[in-house]
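A.B. asks: As a plain string of letters, each chain reads:
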Amino acid sequence: MSNSIIESATNVRSRWDEFWFSPKDSNQIAAIRGLLCLVTALYFASSFTDAAFWLDSGRPFSREQLSLFLNAADLNSEARWVLSPLFLIESILGSHWWIHYLYLLLGISLCIAVSLGRGGRLATWGLWIVLVGWANRLMFLSGVTETLLSLALFAAAIAPPARATRWFATSMPKADPPANTETEHWANGFALRLMAVQITLFGLVTVAAMLASRVWWNGLGAYALLAPVQDRTIDWTTWLANSTLHELTTHLLVAAIPLGLALAWSRVATKFGIALVITWCTFVALLGSHWLYAATFATMCLSLRNQPS
Amino acid sequence: MSRRKKSIPSKKASSSDKTRSSASGQTSKPAGDTLRGDMAAAANSRDAIHPGRTLRTLLTIGLLVHFAAILTTLSSSVDASQIQSSLLSLLHPYLQATHFRVDGDPIYLSHGERSEQPLRLQFAGVAQSQDASADGQTIREATQWTSVGPLGVSGMAANDRYARWMSTLVTLAENDQPSLVAEMLLPLLRNNSSVYAVRIIRLPTELSTVADDALPPPFIAKVNRQGDSVSLIRLAEERMSTMPARSTSSDKDVTSGGNSDE
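Chain order of the listed sequences is A and B.
In terms of the working numbering, the first sequence opens at residue 1 and continues consecutively.
In terms of the working numbering, the second sequence opens at residue 1 and continues consecutively.
Take these hints with a grain of salt, some might be off.
Said to hold, decoys possible - So these bits of chain A aren't anywhere near chain B, every CB distance computed over 12 Å: (1) Leu35; (2) Thr49; (3) Leu106; (4) His251.
Unchecked claim - Sample of chain A residues at the chain B side, in silico, Cβ under 8 Å: (5) Leu38; (6) Ala72; (7) Asp74; (8) Asn76; (9) Val132; (10) Ser142; (11) Glu146; (12) Val205; (13) Val215; (14) Gly219; (15) Leu292.
Calculated from the structure, these hints are not laboratory results.
A quick note: this is a predicted structure, and the numbers were derived from the prediction, not measured.
Note that CB positions come from ideal geometry on N, CA and C, so glycine has one too.
Start from the sequences and build out the full structure, keeping to the hints where you can.
C.D. replies: This is the structure:
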């Protein structure tokens, strides 16, 4: 009896080690990291339009105004762990528009460097720190997109630096294979697994939270997701006016994530599962105009490919 | 970090080596080939870096803590139990410093509730025909409202930040925290002397009803300027009454820094 327990425990540990610590080449994680860098660069670029509005001296989220607000709301203890390099920089140099613009430019530069495999670990972890620093500086103005990006870049930073375009070079069948001097590294596989498990947990809890509302049961969820007229990138209301279509869309949005994730992990129809999740992301982006959120989600689910048994 | 290098002889290819070889299109070459073939064969002998036992143990512990933290914050998105709240307090330094925290954010995208209706901040500017000391009734009926709209493309970061800012202001206003609303709005009003009233309105959506759209704005206030000092006087909600509307006695000064409702 005790031998079987020990044997079971040993099997569990060996399977755990095999799942998390098997060496892998850098192609897949480097490509995913490149896509994440593109999304993050778009995030930083889109922040140029409102950085001065929030953060300049005398604006709602300037250091002085934020301090007044936190004091008035008695949130100083909560804010103690809201860490950002920008708080330190502003305390030394003041709240000037060029500080925030330089910070965003630094973020974009790091995105380019990381996708090219330059800058080593300093660049990969520096990018994550710069993103977290920006999100934390804006405090409660940051939302789910920033959290997803932080989770994704954190996982991607664990893998050794590599050029994102390696995947394209090695996947082209007619191209001469490059001199294969790369060492497989456990951190490549670890980063992929971490990203895959994170997006799986995130997706499943997202669907569970969606189902807390009746609209996702009675077919009106697609309408609930629809952005207001003023915020729509594309207007789908004519198409959704058909009750069959909007109810089908709602049911698809509920079923796609759990079904897609299950297929992706099953290794039987991995690509179909990933395609289903990406379809969900596409619908979320088109209906609700949640472009950055959907792009980050879709990029993270690419890590579900080639999972070990 | 301890690591062991393990050489994989090219003749004794493992199944994973075979998977890699077929994926990349590489094949092993006979011994009699050219120098390039020898180099390719040598290059196929890859080193693989594994973590040592101590590192694996530490990483395993780290993973379990990380996933426990992630699951706790994700599952608190809709509502949190006492256990979840206690865990979140314990994990707050880790979740906040890394920005992994989502509790309170709508990861469910939408529940179709009225509180999720998009919001807009609007200013009423002084026009020649308007008296800057207009009373509440005049302000409510003012038609020259200008939206201080989102500063970016919908779905991108700037637009999302505006939505969260508006949502936070309305939550504060509906929870009797108008002074905190004033803290957020006064920076925009101090240097804009033409604004005499401010309001936050809900935009209609495909699920909002006529009754929802007819509700008064969740926040409407008059701007009071006295010298360099600027304050907001929140206008009370209109109540059904047979008496003429009297706005001044029930209006509340929400000067920032004060607890304005008393």
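A.B. asks: Can we keep the Asp74 (chain A) interface hint, with Cβ of chain B closer than 8 Å?
C.D. replies: violated (10 Å)
A.B. asks: Holds or violated: the hint that Val205 (chain A) contacts chain B, with Cβ atoms closer than 8 Å.
C.D. replies: Since chain B brings a Cβ to about 4 Å from Val205 (chain A), closer than 8 Å, the hint holds.
A.B. asks: Go through the hint on Leu292 (chain A) and say holds or violated, using the shortest Cβ distance to chain B against 8 Å.
C.D. replies: OK, holds: Leu292 (chain A) within 8 Å of chain B, min 6 Å.
A.B. asks: The hint names Glu146 (chain A) as touching chain B; please verify it with the least Cβ-Cβ distance against 8 Å.
C.D. replies: holds (6 Å)
A.B. asks: Once the shortest beta carbon distance from Leu38 (chain A) to chain B is found, is it less than 8 Å?
C.D. replies: violated (14 Å)
A.B. asks: Can we keep the Gly219 (chain A) interface hint, with Cβ of chain B closer than 8 Å?
C.D. replies: Since the shortest Cβ distance to chain B is 11 Å, the answer is violated.
A.B. asks: Checking the smallest CB distance to chain B, is His251 (chain A) really beyond 12 Å?
C.D. replies: Consistent with the label, His251 (chain A) stays out of reach of chain B, its closest Cβ about 15 Å off (over 12 Å).
A.B. asks: Far enough from chain B: is every CB of that chain over 12 Å from the CB of Leu106 (chain A)?
C.D. replies: Given a closest Cβ separation of 16 Å, the condition holds.
A.B. asks: May I ask you to test the interface hint for Val132 (chain A) with respect to chain B, counting a Cβ-Cβ separation under 8 Å as satisfied?
C.D. replies: Holds, because the Cβ-Cβ distance from Val132 (chain A) to chain B comes to roughly 5 Å (cut-off 8 Å).
A.B. asks: Can we keep the Asn76 (chain A) interface hint, with Cβ of chain B closer than 8 Å?
C.D. replies: Status violated, d = 13 Å.
A.B. asks: Under the criterion of a CB-CB separation shorter than 8 Å, is Ala72 (chain A) in contact with chain B as hinted?
C.D. replies: holds (6 Å)
A.B. asks: Beyond 12 Å from chain B, beta-carbon-wise, is Thr49 (chain A)?
C.D. replies: violated (5 Å)
Hint check: violations occur at hints 2, 5, 7, 8, 14; the rest are consistent with the structure.
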